[in-house]
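Enquirer: The lines below spell out each chain.
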Amino acid sequence: MVRLRFFAALREHLGPTRTETLPPGTTVGALWRALVAERPELARFRVRFAVNEEYVTASHRLAEDDEVAVFPPVSGGR
Amino acid sequence: MTRVGRAAISMERLARAVRDPQAGAVVVFLGTTRVHNAGRRVLRLEYEAFAGMAEREMRALADQARRRWRICRVAMAHRTGVVPVGQVSVGVAVSSGHRAEAFAACRWLIDRLKTTVPIWKREHFRGGRIWIGSTPAGPRRVAARRRAARKRR
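Chains as they are written, first to last, in the numbering used here: chain V, -17 to 60; chain E, 288 to 440.
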């Protein structure tokens, strides 16, 4: 089981948290694609991932009890 | 000092946090909430943070800055929640033996903070609100869509 956390605009679509049971070796990217398949309106989001509060790439493989944060790019400015 | 939270940011406190007998310079950057953005009149801004990770990322940036420049101390603070127009939403302070390093490190820290620290901004303006930077459809596209919708009516 992994715990998912969503922030900002994504939180408004998906709620703040949810838990998912995943086959072993699932990547963060595959998890996100599954969510997008379920909710096509999410496809327009550019997202970043963090596992246990560290940035990871989409190819990162998840382990039991990981906490996955999915968020839009941060606020920017110049 | 790294702090992410609802409390107002004090320039005095940031400057005091980096005071150091080895320092000959203290540079403080303050980011303030601007009344206009992308042609819209902003009523207020609202910040949401992934607080634990945000503070960790800030500390990691401070460590990187210390490796890149000969600086003494670093302090960073970011507000969360509603921040009225004209107030400080983010602050960075750096002290160093001589001013060049403090200026360079402060500039680098605020630029990095804005791209890697997980904090999001929602702009409230007359007629709507929008999360900044969250989708390729940025504020201009949203404003254009709204104008088009008005025309259709």
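No lab work stands behind these hints: they were computed from the structure. The structure presented is a predicted model; accordingly, all values stated were derived computationally and were not measured. Positions of the beta carbon are idealized from the N, C-alpha and C atoms, including for glycine. Mixed in with the good hints, there may be bad ones.
Computed footprint of chain V on chain E; a stretch qualifies when at least three of its residues, placed anywhere within it, have a C-beta under 8 Å from a C-beta of chain V [as the list claims (entries may be wrong)]:
hint	region
1	387 to 395
2	406 to 412
To list a few chain V residues with every Cβ distance to chain E over 10 Å, as calculated [to be verified]:
hint	residue
3	ALA(-10)
4	GLU2
5	THR3
6	PRO6
7	THR8
8	ALA32
9	GLU35
10	ALA40
11	SER41
12	ARG43
13	PHE53
14	PRO55
15	VAL56
Enquirer: Each hint needs a verdict: does it hold in this structure or not?
Expert: Status of the hints after comparison with the structure:
1. Counting residues of the region 387 to 395 of chain E whose beta carbon lies closer than 8 Å to any beta carbon of chain V gives 0, which falls below the threshold of three, so the coverage claim is violated.
2. Counting residues of the region 406 to 412 of chain E whose beta carbon lies closer than 8 Å to any beta carbon of chain V gives 4, which meets the minimum of three for the stated coverage.
3. The non-interface label for ALA(-10) (chain V) is inconsistent with chain E: the shortest C-beta to C-beta separation is roughly 4 Å, within 10 Å.
4. No beta-carbon of chain E is positioned within 10 Å of the beta-carbon of GLU2 (chain V); the least distance is around 19 Å.
5. Here THR3 (chain V) stays apart from chain E, with its beta-carbon at least about 24 Å from theirs, past the 10 Å limit.
6. For PRO6 (chain V), the shortest C-beta to C-beta distance to chain E comes to about 25 Å, beyond the 10 Å cut-off, and the non-interface label holds.
7. Annotated as non-interface, THR8 (chain V) keeps its C-beta farther than 10 Å from every C-beta of chain E; the closest such distance is 22 Å.
8. Under the 10 Å C-beta cut-off, the non-interface status given to ALA32 (chain V) relative to chain E is violated; the minimum distance is some 6 Å.
9. Annotated as non-interface, GLU35 (chain V) brings its C-beta within 10 Å of a C-beta of chain E; the closest such distance is 4 Å.
10. Interface exclusion of ALA40 (chain V) from chain E stands, the closest Cβ pair being 17 Å apart, more than 10 Å.
11. Every CB of chain E lies more than 10 Å from the CB of SER41 (chain V), the least distance being 20 Å, so the non-interface label holds.
12. The beta carbon of ARG43 (chain V) sits about 20 Å from the closest Cβ of chain E, which is more than 10 Å, so the claim that it is off the interface holds.
13. Not every C-beta of chain E lies more than 10 Å from that of PHE53 (chain V), the closest at about 6 Å, which undercuts listing it as non-interface.
14. With a least CB separation of 5 Å from chain E, PRO55 (chain V) falls inside the 10 Å interface cut-off, contrary to its annotation.
15. The claim that VAL56 (chain V) lies off the interface is violated: its Cβ sits roughly 6 Å from the closest Cβ of chain E, which falls inside the 10 Å cut-off.
Violated hints, listed in ascending order, are 1, 3, 8, 9, 13, 14, 15; each of the other numbered hints is respected by the structure.
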